[in-house]
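Novice: Below, each chain spelled out in residue letters.
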Amino acid sequence: MSTPQMVMYDEEFQEINEVIQRLLKEANAKVVFLVDKNGQLISGVGETERFDTTSLASLTAGNIAATGGLAKLIGEKEFSILFHEGEKDNLHISIVGGRVILVVLFDKHSSLGLVRLRVKKSSEELSAIFDKLLKKAEDREKRGVSDFPFAEITDDDIDNLFS
Amino acid sequence: MSFINYASREINCKIVYYGPGLCGKTTNLQHIYQKTAPEAKGKMISLATETERTLFFDFLPLALGEIRGFKTRFHLYTVPGQVFYDASRKLILKGVDGVVFVADSQEERMDANVESLDNLRTNLTEQGYELDRLPYVVQYNKRDLPNIVTIEELRRELNPTGVPDFEACATIGDGVFETLKAVAKLILIDLKKGNQ
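Just so you know, the protein sequences line up as chains A and B, in that order. So in the numbering used here, the last spot in the first sequence is 163, and the numbers never skip. So in the numbering used here, the last spot in the second sequence is 1196, and the numbers never skip.
In case anyone wonders, no lab produced these hints; they're calculated from the structure. For clarity, every value in this text was computed on a predicted model and none was experimentally measured.
Computed from the model, here is a short list of chain B residues facing chain A with C-beta under 10 Å:
#1 Met1001
#2 Ser1002
#3 Tyr1006
#4 Ile1045
#5 Gly1065
#6 Ile1067
#7 Thr1072
#8 Tyr1077
#9 Gly1095
#10 Ala1184
#11 Ile1189
We put the CB at the ideal spot given by N, CA and C, even for glycine.
Kindly produce the complete structure, drawing on both the sequences and the hints.
Specialist: In structure tokens, the structure reads:
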């Protein structure tokens, strides 16, 4: 496979949530999401229940992929920040550490400048956590440690999913 | 590339439906959407043109249930089938865990099938994948139409490696769930192998 499998552990999950929770507060945002580039939601804080988070994750990743394609066409590596302005709500989308997408939804109680400033700081922290996560996964693989839940699944387990 | 979250005990996998224009990829997803219990599915998203041709992708999240305490979720995507949307197809293949190739069984679409399958191989290679090493199944759709090619010929042309294949009529749902089940099973078996 071209890309290593994305794995999330409890410890890092907590750390990530602390960072985005703080970002939510400091940027005066409504919702903050983290999405992986393949469209899978990693975590979300704020008024998440008001939104279809799964669809939001998939469309965000599609959006980043499409603008990434545009960037390559004009000779750029990527566009690392996207901003969508609506009548009431705005979306600030940025790429963190080259591999995950940070989405901040905010309204008139915040401003683009404030969001950009706070996102920059949080991105560095998030980037460090994801580096650690990647290293951890690699280390485990090297040592042959596997707490993988699927290692012992049987055909029956799989068939039961569809019954 | 599946995403395993030990914190929320979830496994997410991505399945892509590939095939020539108008072969029935979106119809497959629509049937799955209609026949799945509300608690097991999310919203289906279609980024389509005004004439209902897929422009970027269709997306359907499915939660199949739990395996060993892990929630198993599959994200189903279709690609736009029309030849000129190739850039979009490449993007959607990123991070794919399993592929369904939907072939149009009509005689006049054989060339389009072959072209689309070649395109699939090329685009996967560009992303660093090999079709022969991915969980992969083939569906021969539109078996209810009059001017169709025989299964033997479809197999010879489109499935020389003998991966699991299914006859289907997606408009009424025949073969749709069999196809999905087969690819999901291959993905889970692949995950199991990959970590031993």
